[in-house]
Amino acid sequence: MELPAGCGKFSREALELAAIARSDRSVPVDERLAPHLVICRRCSEAVERFAADNAFLGEFAKVSARSDRSASGRSVAERGAAAGPADGSAAAGGGDLIPGYRLGDEIHRGGQGAVFKAEQLATRRACAVKMLLGGRFASATQRVRFEREVEVVAALRHPSIVTLYESGISRHGEPWFAMELVDGERLDEHVRRLGLGARAVAALLQRVADAIAYAHRRGVIHRDLKPGNILVDRDGVPRVLDFGLARAERPDEQTNPGSGTTLAGEFLGTFAYAAPEQLAGDPAAIDSRCDLYALGVVFYECLTGKRPFDGAKSIGELVIQKTMRTPERPSALAPGIDRDFDVIALRLLASDPSQRYETADALAEDLARSLDGRPILAREDSLTYVVRRNLRRHWIATTAGVVVLATIVVSGIALAVLYANAESARERAEHQLDAVLAALEQSNPETGRGTSDMRATEFIGYVEASLEEALADDPADLARLLRTMGLIHLGFEKIDQAAAPIERSYALYKEAFARGEIDALRMADAAYALARLRFIQPAGEAKAADYPASEAAYREAIALRESVTGRDDLVTVDLIRQLSIVIRRQKRLEEARGMLDEALLRASRLPATRQREEFDAAALSARGFITAELGDHEQALAEFIAANAAISRVVEPNDFRVGISLRNIAREKLSLGRAESARADAERSVEILRERKGADAPATRAAEALLDEIKSALAKGGREVESAGEVESAGAAGSAGAR
Amino acid sequence: MDLDRTTTALLTGLLDPANAAAWELFDRRYRSILVGFARNCGLKDNDAAEIAQATIVRFVEEYREGRYDRTRGRLGAWLVTIARYRMLDMRRRAGTARVERGESAMIDLDDEKSVSEVYEAERRRAVLAAALDELKTRSRTDPKTVQAFEMLVYHGLSVAVVAQELGMSAHDVYLAKSRVAAKLREIVIRLEEEYEEAPGDWESTGKRPSAGLGP
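Order-wise, the sequence lines are chains L and S.
The working numbering numbers the first residue of the first sequence as 66 and each following residue consecutively.
The working numbering numbers the first residue of the second sequence as 12 and each following residue consecutively.
Here chain L stands alone, though its shape is the one from the complex:
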């Protein structure tokens, strides 16, 4: 293409230098060239062209210096629409994928990026290059995160922290950075391979704690500590790497969480190692103690070979399991572990950050003390307290986790709608939605394992608001979510909050059903929610529940279900049971009893599952109320005791339904003048309902009133007392109705 530049009298280099000298006077120019250029047109044109090239190429140099050191070889489109990760072979094949580096084998691949062995060409030194794989939707956020990562890691110098050399970002969201190459293995693999004992593990953890303490003192939280981020090198020194989620603790981000890289609800860490407050996604709540929690999980895992909360098959399940269970003492899993290590591990794993070590320094100190045989500072007697606090906070953490999941799903759905892309994305979003709904139902004290807690309901309000916004264009999904939310509010007996979402979802369902977009079963779900709402919602001037409206909605739900399932369906049968309660409240006692007997008969033809036991218990209770109202207290008591036995067979001893059935037993005993015996039942009932329903719930207050009545009856010497007013929930066996 090009001929030798100029006329040939001067070298190409001389002409290039002359061109460069136009913009850079420090460049030496052959003295004889200047006069030559005056007379030689070919040479002067060559210099002009080189100068123009230099100016043009100089623009590219600026591009690269600014942010594009990588200029990765492949475009997003070439990688495929799903923005799947770059595959190792391509990266390894392209020696110039990152200017100045020769990439070798892939060392590791994680959710955030891939790490390659590499050689820095200029220095010939071996290093590791991490490429952050840009997701299609999250690329801007991930890019910001990456820049933060670089900023943070570059500032740290510690023997147990991996050093950062250099970094760059490509415009396609494939930033990279070069760091020290550590020849080592993951902490957990190291421990397993060498079969290290508890003391050796503690010694390693002490060095890690030192490194983390160093970072914390510089305002850096790692936020993603896990065994994969701690390598043990050939000298046996643990090295912490991958400050990918680290965030400098800066005052402006504390006061302005919206500007932080971790937005509210956006959860980044690895679930298994994340502290409960990280699960809540509230940036203000995240501080250095998150790292201590993660170290606790790492310590526990290295000591026992198991994570403290394990066995989940999905993220949702993990969140639930992790937060609902208390970890066993490490020594219970791996005998022979020093009791001090139990105390240290469980203290790190406290759900409440204030119950953990104050600083990583304090942790390092205690580890050193235990290794030296000195008494540790975390006192033994605090252990019970830590465990108790854990139990107390499980529920809050669970709800928070649910919120996080919901937020993830909401944004997923919103993006799927916005981008209206492939069916598969849509399906994925729906799967996630199912998972979150299931998790949310776990939050309902009537269907799951929740207890009443104001913070939980606040969280749910937050989820509700976000979902409403995200699903404005998607009435069917919105209706489904609103219905679930409403039922959860009902479960907490927060009727005011429940009314709007349930009524709205019913209207939305009705429209969708008329359009043929949903089937009769889903329409029945909506009618059922409305029926339950009307049953307990005070309305009109009398502030009494609108039983006729509730009855109509139940009848609608039952008819809809029977049109699909026929007569032998437990959910439908349970709806009939619930309807009988509405009928009884309207004083049509015989009609209600006939309805219940019919429901019990239909249920008896179905297999004896746990759900059926639950139904039997609820139906026997309902029958007990009618019998009592008809004046036969002896028979009513027998029915309540049968109900209690049935429900106790299938639920935990402190299930709220056990509490309610005990209350029913106590009331009948009182009616029969057996106050002494009634008292024990009532006390247990109050205890359970306070825990599961909350002190303010009507069910709890009714039990307390009954207990007071029993006490005053006892004080008056067992004089017969009139029956206390009954309070019960129509959806007592709610799980059978809500599907």
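Misleading hints may appear alongside valid ones.
[Stated by the list, open to error] Simulated pairs of lysine to aspartate or glutamate, DMTMM-like, Cα-Cα distance not exceeding 20 angstroms:
no.: 1; chain 1: L; residue 1: K781; chain 2: L; residue 2: E748
no.: 2; chain 1: S; residue 1: K194; chain 2: S; residue 2: E204
no.: 3; chain 1: L; residue 1: K608; chain 2: L; residue 2: E568
no.: 4; chain 1: L; residue 1: K652; chain 2: L; residue 2: E616
no.: 5; chain 1: S; residue 1: K194; chain 2: S; residue 2: E176
no.: 6; chain 1: S; residue 1: K155; chain 2: L; residue 2: E184
no.: 7; chain 1: L; residue 1: K371; chain 2: L; residue 2: D403
no.: 8; chain 1: S; residue 1: K155; chain 2: S; residue 2: D183
no.: 9; chain 1: S; residue 1: K194; chain 2: L; residue 2: E184
no.: 10; chain 1: S; residue 1: K194; chain 2: S; residue 2: D119
no.: 11; chain 1: S; residue 1: K194; chain 2: L; residue 2: D118
no.: 12; chain 1: S; residue 1: K155; chain 2: S; residue 2: E145
no.: 13; chain 1: L; residue 1: K74; chain 2: L; residue 2: E110
no.: 14; chain 1: L; residue 1: K608; chain 2: L; residue 2: D761
no.: 15; chain 1: L; residue 1: K652; chain 2: L; residue 2: D697
no.: 16; chain 1: L; residue 1: K74; chain 2: L; residue 2: E124
no.: 17; chain 1: L; residue 1: K781; chain 2: L; residue 2: E717
no.: 18; chain 1: S; residue 1: K194; chain 2: L; residue 2: E113
no.: 19; chain 1: S; residue 1: K194; chain 2: L; residue 2: E250
no.: 20; chain 1: L; residue 1: K74; chain 2: S; residue 2: E205
no.: 21; chain 1: S; residue 1: K155; chain 2: L; residue 2: E113
These aren't lab readings, by the way, just hints derived from the structure by calculation.
Position chain S against the provided structure of chain L, taking the given hints into account.
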């Protein structure tokens, strides 16, 4: 229709909510420009990312609703208008706090001309980056030639060092540089046209954005 070729084709593709390729390309092409642009207007990184996202979302809405006003000028001007309002909004919300914290003042967002200049610079940068990418992946330029160019231009290495490193003669290194410069020029001229078209080109498609095409 070759999406990569023209902005017109790209915009037409965006009318179809199911046209994933158009979305992919639009996002790829303009997001990074918008982020860099907002950053150069004085925003912090995360705020810049937020502005870019909001601008793209808003663009989609306006575009699908057929609210593209041709008198506003070219596509870039349209994006700048959206982004500028978003930034003014953000400044209103956080402005006082910024001043109190003594952070560097933002560029004068009320000055449309200088805001446009910032965008223009960022767009140029994106064009150059895309040109580089094309050079390396699709131009069939000899990888060694590209590597020589990178070492010279990116790393500021001397011709002698590059020649030694790559086992080439100094003359070949210079030749490589000339070739790359010529090739890049050609690509840049074409990309400049692709990234920005005059609004008049719209009419040739015979298709106007209409409302109600949401997903």
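Okay, the hints, checked on the actual structure:
no., hint, in the structure
1, K781(L) <-> E748(L), "19 angstroms, holds"
2, K194(S) <-> E204(S), "16 angstroms, holds"
3, K608(L) <-> E568(L), "18 angstroms, holds"
4, K652(L) <-> E616(L), "13 angstroms, holds"
5, K194(S) <-> E176(S), "23 angstroms, violated"
6, K155(S) <-> E184(L), "18 angstroms, holds"
7, K371(L) <-> D403(L), "17 angstroms, holds"
8, K155(S) <-> D183(S), "10 angstroms, holds"
9, K194(S) <-> E184(L), "29 angstroms, violated"
10, K194(S) <-> D119(S), "38 angstroms, violated"
11, K194(S) <-> D118(L), "11 angstroms, holds"
12, K155(S) <-> E145(S), "15 angstroms, holds"
13, K74(L) <-> E110(L), "14 angstroms, holds"
14, K608(L) <-> D761(L), "19 angstroms, holds"
15, K652(L) <-> D697(L), "16 angstroms, holds"
16, K74(L) <-> E124(L), "31 angstroms, violated"
17, K781(L) <-> E717(L), "36 angstroms, violated"
18, K194(S) <-> E113(L), "18 angstroms, holds"
19, K194(S) <-> E250(L), "46 angstroms, violated"
20, K74(L) <-> E205(S), "43 angstroms, violated"
21, K155(S) <-> E113(L), "26 angstroms, violated"
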